[in-house]
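S.K.: Quick note, the sequences are listed as chains L and P, same order.
First residue of the first sequence: 2, per this note's numbering; consecutive thereafter.
First residue of the second sequence: 57, per this note's numbering; consecutive thereafter.
Derived from the structure by calculation, the hints contain no laboratory data.
Keep in mind that a hint or two might mislead.
As the list claims (entries may be wrong) - If you only want the chain P side, here are some residues facing chain L, beta carbon under 10 Å, derived: (1) 90; (2) 146; (3) 160.
Claimed, not checked - Residues of chain L clear of chain P, computed beta-carbon distances all greater than 10 Å: (4) 18; (5) 64; (6) 82.
For clarity, every value in this text was computed on a predicted model and none was experimentally measured.
Note that the Cβ used here is the ideal one computed from N, Cα and C, for glycine as well.
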Amino acid sequence: DAGVTQSPTHLIKTRGQQVTLRCSPKSGHDTVSWYQQALGQGPQFIFQYYEEEERQRGNFPDRFSGHQFPNYSSELNVNALLLGDSALYLCASSPGPLSGNTIYFGEGSWLTVV
Amino acid sequence: QQQVKQSPQSLIVQKGGISIINCAYENTAFDYFPWYQQFPGKGPALLIAIRPDVSEKKEGRFTISFNKSAKQFSLHIMDSQPGDSATYFCAASLNGRQLTFGSGTQLTVLP
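Here chain L stands alone, though its shape is the one from the complex (with noise of 0.2 Å):
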């Protein structure tokens, strides 16, 4: 049973470039999340979708933005990107939105801008 996969691993963009990053999540989940994760920190939430839907959203500028496929898959796109947005993305499967239901990681996608 495979669990959340993420691609790419390892990307790097030049600052004003955008970016997609892709997540399967694991099987039998249908609510995926994002996060963001700067060196040396915790996850940062960025947004949830459940049945293609954006059910909540974090404190990320519109730059930030996402779609969920009606497999569950999601992608994360990145506009305009900044020196700052260079971060470890996440992305959390789990099934179903409510609370306590374990809540799955991916590796993540190394993003660097320079």
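We have chain L; now place chain P onto it with these hints.
M.R.: Below, chain P without anything else, positioned relative to chain L:
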């Protein structure tokens, strides 16, 4: 009010010792408190979680102690091993919404 404060920032323990990490929260509406373990270059892995109607939960060498009145919870790692050396994060969530993480504790277990 959404903040979760974690201490200590770093912890060094001898093999076989007990590692204790503490967290405090403000929002009394939080209803789910997980602990995650993260190794360098890897994503966080769920260790153990507790709900506020329980004061203690034990799974193997890992125990969560929960003090609802003090709005604090802690992770105890018994018989700490060098393989436990990692960064540990406490977190809290409300009604299945986003996880709010602590700032992390870097644990080093000396052989």
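S.K.: For a quick check of understanding: which of the numbered hints are violated here, in increasing order?
M.R.: Violated hints: none at all, because every hint is consistent with the structure.
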